[in-house]
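S.K.: Top line first, the protein sequences correspond to chains R and L.
When we follow my numbering, the leftmost residue of the first sequence carries the number 1, and every step to the right adds one.
When we follow my numbering, the leftmost residue of the second sequence carries the number 1, and every step to the right adds one.
The set of hints was computed from the structure by calculation and includes no laboratory data.
Any given hint could turn out to be false.
[Stated by the list, open to error] Think about it this way: if two alpha-carbon atoms lie no more than 30 angstroms apart in a straight line, the pair counts; the simulated DSSO-like pairs of lysine-lysine are:
#	chain 1	residue 1	chain 2	residue 2
1	R	229	L	513
2	L	130	L	156
3	L	343	L	561
4	L	10	R	454
5	L	307	L	203
6	L	543	L	505
7	R	229	L	527
8	L	312	L	343
9	R	271	L	11
10	L	11	R	445
11	R	197	L	10
12	L	188	L	301
13	L	395	L	124
14	L	87	L	130
15	L	11	R	454
16	R	27	L	11
17	L	471	L	527
18	L	68	L	238
19	R	197	L	11
20	R	229	L	453
21	L	485	R	229
22	L	349	L	124
23	L	238	R	10
[Said to hold, decoys possible] For the chain R half of the interface with chain L, some residues (derived, Cβ under 7 angstroms), not all of them:
#	residue
24	456
25	458
26	461
27	465
28	466
29	469
30	473
[Stated by the list, open to error] Now the stretches of chain L that chain R is said to cover, found in silico as 3 or more residues with beta-carbon under 8 angstroms:
#	segment
31	5-16
32	19-27
Just so you know, these numbers come straight off a predicted model, no measurement behind them.
The beta-carbon is built from N, C-alpha and C at its ideal position, and this holds for glycine as well.
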Amino acid sequence: MVFHSFAFLKFFVITYFILFVIYLISKNLKDSSTPHLINKTFLLIVSYYFYAYWDVRFLSLIILSTVISYFSGLFISKAREKKQKKRFLFIGLALNLGILGFFKYYNFFTESFNALTDSFGVSLPLLNIILPVGISFYIFQSMSYSLDIYFRTVKPANNFLDLALFISFFPQLVAGPIVRSSHFLPQLERYSPLTLKNFSDGFQIFLFGLFLKVAVADNVAPIIDPVFKDPSDYSSAVIWFALLGYSVQIFCDFCGYSEMAIGLALTIGFKIPPNFKTPFLSLNIADFWRRWHISMSSWFRDYLFIPLQLSNLGIFSRESRNTLYRATINFLIVMGLIGLWHGSSWKFVLFGLFHGIGLTINHILSTYRRTKNSHMVINVINWTITFLFVLCGWVLFRAENMSLVLEMYSKMFLWESVQNIGEFQFNSILYLFAGIMAIHFWQFKRNSENFIFKPGTIAFSFYIFSLVSLIYLFSPRNSVNFIYFQF
Amino acid sequence: MELTVNNFLKKTAFTILGIILSLAFLEVFVRSFFYQNITPSLTAPGFGIPSAMRPNFKSEALNSVGVKYKIQTNNNRIRRSGPIGYKKPPNTFRILCIGDSMTFGLSISNNETYSYYLEEILNKNAEEVKFEVLNAGVTGWEPVDYFLYLKNEGIKYSPDLVIVGIDASDMVNLKSNFFEFEKLSAKKSPDVVNISLINPNIKPYFDQVTETIREGILTLPFFLQISEVSQFLNLVRKNLSIDFTQPPKPTDSLTKLVSSKAINSKDIVNWDIAIDSERLEFDQSSLSETQDILFAIIQNKIKNLAKEKNFKLAWVKMPYAPEVFGTIDPKKDKDKSPLPSSKFINLLKEFKAFSGKNPIPLYFPHDIHFTPSGNRLFAYLLLNSLIESKKIDGKYLDVNTPTIIQEIEKSNGEIEEKIKQLPVWNLILAKKYKSLHQLARATETLKLYLEQKPNSGEGLFQMGLIYYDLKQWDQALKYLSRAFKFNKFWGPEILNLQAKSYYRKGDLLNAEKLWYQAINLTPNNSKLYRNLGSLYFDNERYKQAVEQYNISLRLNPNEYKVYLVSGLAYLKLQEHEKAITMFQNVVRLQPNNAMAKGALFQLTQK
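Chain R on its own, in the form it takes in the complex (with noise of 0.2 angstroms):
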């Protein structure tokens, strides 16, 4: 079920409906303690159907990875020693990883091991698996939990069953963002009612999302496709406007899906820290990474990175703490993982490694920057630089292999001028990003990523009107899945 479709608004208009209803009953009580127990009870059953609606058999992971998380943050708390805090945060997180692991890179793994020992005769079989929807975000969601619990940041949840909410909370249960627990577990602690304001809000956030999903993702990707799907047939002029492209794509893909999760959750009364923080307008990498999928990106800073700089393990000795070659290989290793945590191949690794050398450097010349504030036209460089940067890493993340890979690089470096197979719309690609680039500016400006008006007013009815308009004039009537469903 996507939240595109008529399945969802059916869902979804159902589910409203009784949480309606259980509002109702709760005004007219004093203690609102039962509708509040009913309220995230049924919340529970309604995701559950929302996840088993792909396929039964993956609920059984979902519960499985809470049961994990519930009892190792049991024990964590409970634990006097510190040791053994330790140690049962390492089981919890070994199992859960276990589960990503087999699901998501057993194959990966297999592959990899069987290419190695292949001279020596040694072969693991490969396995038929199924890759469940969303698994690497609740699972990352999963084990937050426990890290939180172990770093004091939360405590241990009242019950199995916020705790189950918590993970399988649907509206950022497939795709993101990454919620913490310290975020989400206190919302749980008292009944938060149905608001007019909640619902006039998150409709417009969700609205937004699905302007972003449906009327302009969706309608670049058949013009970009063809060029990913073979390059050689492509001018490298088209190559680098299709990654300008892709930029636009995903972006508007991937935040349209955060923004519609973050408002449907507003509409029944949870707030979700946003997942996207006009990622274009980066002026350094560093900068791009504290902007782009923040929610993924500041789990690994918070839960990896920050306790790799702070360890004292092995190669990691206490000297070496603030040393350049230290910070390298940290950002390299949580980089490549990051590559990996978006999908089973050595190309995504490579993205991340990619992605973290651009920091290694970007930490270099930092400690050469003197001034905050700098010039306009070193801040149009800095972003000139940090933009076609990540186009190039964009290559790694969308060619469908290694060998498209290659060719697109050397076509985008070795100018090359073939005739083109059909007209490439370079117009609607520039209109396009100079559309977002507008959207990020606005954003900026207002120094909010949401646009939200009250009603009543001329903005709010002009929005609201243009943009279902806009969504349903330019809507593609065959609808492109999101792109991040798969990691």
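Guided by the hints, dock chain L onto chain R, whose structure is given.
M.R.: Okay, now just chain L, sitting in the frame of chain R:
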């Protein structure tokens, strides 16, 4: 209280103002980025078909060469300026033309369609009878639509003759999911599949109520007027019409049956088809010809209708441009089944001959649709053929007389000059000369074209083809290698021709290399393996030759020539048993093949 009322009014006013501003913004947005030329849609649901012509429709537009044309329909949805009643006036011979865009007359005016010309010619030479030729063709129709129109509307005119124009795309487009069968069953045995279809029926796309609603939405006069004013609303209307006129997609019962019985497209199928206890006879065929079977069912149904309503029938195969020019597109035409031509009036030969002799643009460039001249010629040729087959009484008119040639040429009017000014006209002429084997003239005109368009892949390829025909291998190779650079679409074909040129030249090494390259691009082309096999055969590398022949036969098991050469290769390898099987296959496909029979006789004697 007053305050809240005031507040409410204020909010409502703001909301409306916001919507008005939004409309203005959207209008500007759509106008600047998505300007649409053709405003109202020509079609609306009717007669059970999603896209019937709309009644009393009028529009003007520019065609691809920049000449204005007009479309007008009458109140009965016939492409004609004047009204036509269902009741036939006395002493009138009425002809109803059904078909797709070729019959309709895409990008030409009402008085430039073949049906218009046919009426004009008939009435000029008639004395007592008045002829009416009605154009009921609609762009995009296919045989299911032809039948539904005829059954639900066409017969109301009580026509004397119905002309069904069958186009090359009809087989591909034929919608199998509108067939219903009273009974439908399949039995699979190892050798053959028996499929029996009892009493097929073609159901309309919509029931009457849905059709009326859909038609209503699309033909609201308010909508039409507004859409002429506002580009934004017109785009909304266009989307609505896409969302509301798409016919429902029922599951195709035949496809379902086939997949449930695990029948492969290559299985040999015995069809058993009964319509009202009458049996349709078919030879054994494979499932890939299902479209032909369904078409035959439609043909039969229309035939029965003709018998019942007492009108004559003429099936006409519309001359397909690539066939007229001798350039069948390798990829596009792959799936088009050949039409069972014997039952059809086929004017291809006459069209080709005329087009070769007279440099008149009969088709729009880069298009398969007739120009007015093409329609005029078609009308003459069709008339002659109808007279010959005694479907109509009239005077036979030779299209090769100067007056008629002049008349045909004049029909194009402005279009003629416009097309002749285009560079592509020289390419069209060159192809024409080539198909008439006037190679010297073809080379000259092609050179003119290549001067204007030096990087035209098609032009270079045609040049290569001509030099190949002239047996000037080096020249051919020169043009072909350039053509390959600029024309990916024809890539494998070009490589094949290059390889053949090298082969003929005696450079076997390069020929082999190029054939492998072509095979890499299209590994399913049996022809390439056959050619490569022949190269090995001539080189006395029989083992390799046999390998290639075997691949070729796996891909296309009906080539008797490959069996023959393969048999000869096995003979050279002294593998007599295999040779015998090969020759037996030749005899199976060609029972009178003397060479294979002789070889078989000798081998079995041994």
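S.K.: Decide, hint by hint, whether the structure agrees.
M.R.: We went through each hint and held it up to the structure:
{"no.": "1", "hint": "R:229 to L:513", "in the structure": "holds, 26 angstroms"}
{"no.": "2", "hint": "L:130 to L:156", "in the structure": "holds, 19 angstroms"}
{"no.": "3", "hint": "L:343 to L:561", "in the structure": "holds, 29 angstroms"}
{"no.": "4", "hint": "L:10 to R:454", "in the structure": "holds, 14 angstroms"}
{"no.": "5", "hint": "L:307 to L:203", "in the structure": "holds, 21 angstroms"}
{"no.": "6", "hint": "L:543 to L:505", "in the structure": "holds, 24 angstroms"}
{"no.": "7", "hint": "R:229 to L:527", "in the structure": "holds, 27 angstroms"}
{"no.": "8", "hint": "L:312 to L:343", "in the structure": "holds, 14 angstroms"}
{"no.": "9", "hint": "R:271 to L:11", "in the structure": "holds, 28 angstroms"}
{"no.": "10", "hint": "L:11 to R:445", "in the structure": "holds, 27 angstroms"}
{"no.": "11", "hint": "R:197 to L:10", "in the structure": "holds, 19 angstroms"}
{"no.": "12", "hint": "L:188 to L:301", "in the structure": "holds, 28 angstroms"}
{"no.": "13", "hint": "L:395 to L:124", "in the structure": "holds, 11 angstroms"}
{"no.": "14", "hint": "L:87 to L:130", "in the structure": "holds, 14 angstroms"}
{"no.": "15", "hint": "L:11 to R:454", "in the structure": "holds, 11 angstroms"}
{"no.": "16", "hint": "R:27 to L:11", "in the structure": "holds, 28 angstroms"}
{"no.": "17", "hint": "L:471 to L:527", "in the structure": "holds, 21 angstroms"}
{"no.": "18", "hint": "L:68 to L:238", "in the structure": "holds, 23 angstroms"}
{"no.": "19", "hint": "R:197 to L:11", "in the structure": "holds, 16 angstroms"}
{"no.": "20", "hint": "R:229 to L:453", "in the structure": "holds, 29 angstroms"}
{"no.": "21", "hint": "L:485 to R:229", "in the structure": "holds, 19 angstroms"}
{"no.": "22", "hint": "L:349 to L:124", "in the structure": "holds, 27 angstroms"}
{"no.": "23", "hint": "L:238 to R:10", "in the structure": "holds, 26 angstroms"}
{"no.": "24", "hint": "456", "in the structure": "holds, 4 angstroms"}
{"no.": "25", "hint": "458", "in the structure": "holds, 4 angstroms"}
{"no.": "26", "hint": "461", "in the structure": "holds, 3 angstroms"}
{"no.": "27", "hint": "465", "in the structure": "holds, 4 angstroms"}
{"no.": "28", "hint": "466", "in the structure": "holds, 4 angstroms"}
{"no.": "29", "hint": "469", "in the structure": "holds, 6 angstroms"}
{"no.": "30", "hint": "473", "in the structure": "holds, 5 angstroms"}
{"no.": "31", "hint": "5-16", "in the structure": "holds (count 5)"}
{"no.": "32", "hint": "19-27", "in the structure": "holds (count 6)"}
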